[in-house]
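A.B. asks: Listed below, chain by chain, are the residues.
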Amino acid sequence: MLVDFELIKRAQTGDSAAFNEVVLAYRKRTLGTIARLISRPEDVEDVAQEVFLRLYFSLDQLRTAEVFEPWLYRLTVNAAYDYLRKHRRRMESRMSDLSEQQVMLADAVAGGRVDHEVRQQRQVRETVDALLSAVSEADRILLTLKEVEGLSLKELEKIYRVNENALKVRLFRARQRVLKALGEAGDESRGKGTAQADIEV
Amino acid sequence: MSNYLNKRGDANAELNALFHTYRAACPDTEPSANFMPEIWRRIEERQRSLFFLGRWARAFVTAAAVLSLGMAAYLYIPNGRNTVLSVESYVEAVAAGHAVGSPEFVDPSLDEL
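Residue numbers (my numbering), protein chains in the order written: chain A, 11 to 211; chain B, 134 to 246.
Treat the hints with care, as some may be off.
Claimed, not checked - Rough simulated footprint, nothing fancy, chain B against chain A, three-plus residues with beta-carbon under 8 Å:
| # | segment |
| --- | --- |
| 1 | 37 to 51 |
| 2 | 134 to 140 |
Claimed, not checked - Facing chain B, from chain A, some residues (calculated, C-beta under 7 Å):
| # | residue |
| --- | --- |
| 3 | Val54 |
| 4 | Leu63 |
| 5 | Tyr66 |
| 6 | Asp70 |
| 7 | Val158 |
| 8 | Leu181 |
| 9 | Phe182 |
Derived by calculation from the structure, the hints in this document are not laboratory data.
For glycine and all other residues, C-beta sits at the position ideal for the given N, C-alpha and C.
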């Protein structure tokens with residue numbers, strides 16, 4: 011836990027300074043999680059603020075220290091889920107949808123000013139985003155928490171409030187759907203490659 | 134079969150590697166300078182709307198209670214028509230309503246004549 015439970019107790023009584031400290035302690039982690047969950051850098055801060063807003067108004071319901079972090083994760087997951095449902099992700103990201111930073115990066119890549127590693131990272135992000143866009147928001151969030159955030163099944167149990175077996179089944183199914191999307195993407199690229207080879211021949 | 138399993142295993146390993154690389158590829162998001170002030174602005178805005186909602190709800194409950202009491206009183210307190218306490222019998226009441234001399238009163242025994 012990044013803060014003492016005493017601090018949270020103070021925040022529960024309406025102490026603004028204590029609440030500020032709680033936000034300062036968790037904001038970076040929350041921003042990172044949201045960034046990986048929604049993959050829209052321009053909206054990450056907005057969603058994170060919504061998480062802390064929900065935290066502020068529900069803090070008085072918290073009884074024990076050990077449930078604080080799973081609870082915050084739960085609020086994060088819910089806010090990300092609401093966001094994703096509202097903004098159904100498009101498979102193709104158009105130039106008009108890209109943030110200024112992304113446009114600059116795209117220009118830089120086109121101009122050959124960005125090194126190989128950055129280009130590779132961008133490609134990985136786009137690939138995973140496209141794969142996760144092929145599954146439901148719930149699957150996307152669950153897989154991101156497990157595979158990218160690295161949360162254990164025990165932690166996920168506390169967040170989702172379901173037993174380990176149910177979680178395993180959900181994870182397995184979500185993973186199968188992503189694998190299917192990965193397979194289809196692979197087939198497509200291989201098809202393109204063959205077509206390209208045919209043209210070249 | 135083993136070829137299929139190998140293929141599945143490869144795909145799983147590929148997916149694991151992809152997720153692992155993805156985590157490293159996601160840049161850390163730094164909060165802007167406006168992050169905290171914006172949270173407090175939203176909190177205050179929500180508190181204001183909750184306050185107005187609370188006031189409106191209280192006013193509504195009060196009005197509903199007053200209206201209910203008024204209706205209960207209206208139904209419970211006897212109105213003008215019921216204030217005359219009836220001590221007469223049914224026959225007396227009918228007789229009072231239809232006096233013998235009144236034009237609409239016809240004695241059935243006279244009708245036969």
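A.B. asks: Looking back at the hints listed earlier, which ones does the structure fail to meet?
C.D. replies: Hints 6, 8 and 9 are the ones this structure does not satisfy, whereas the remaining hints hold.
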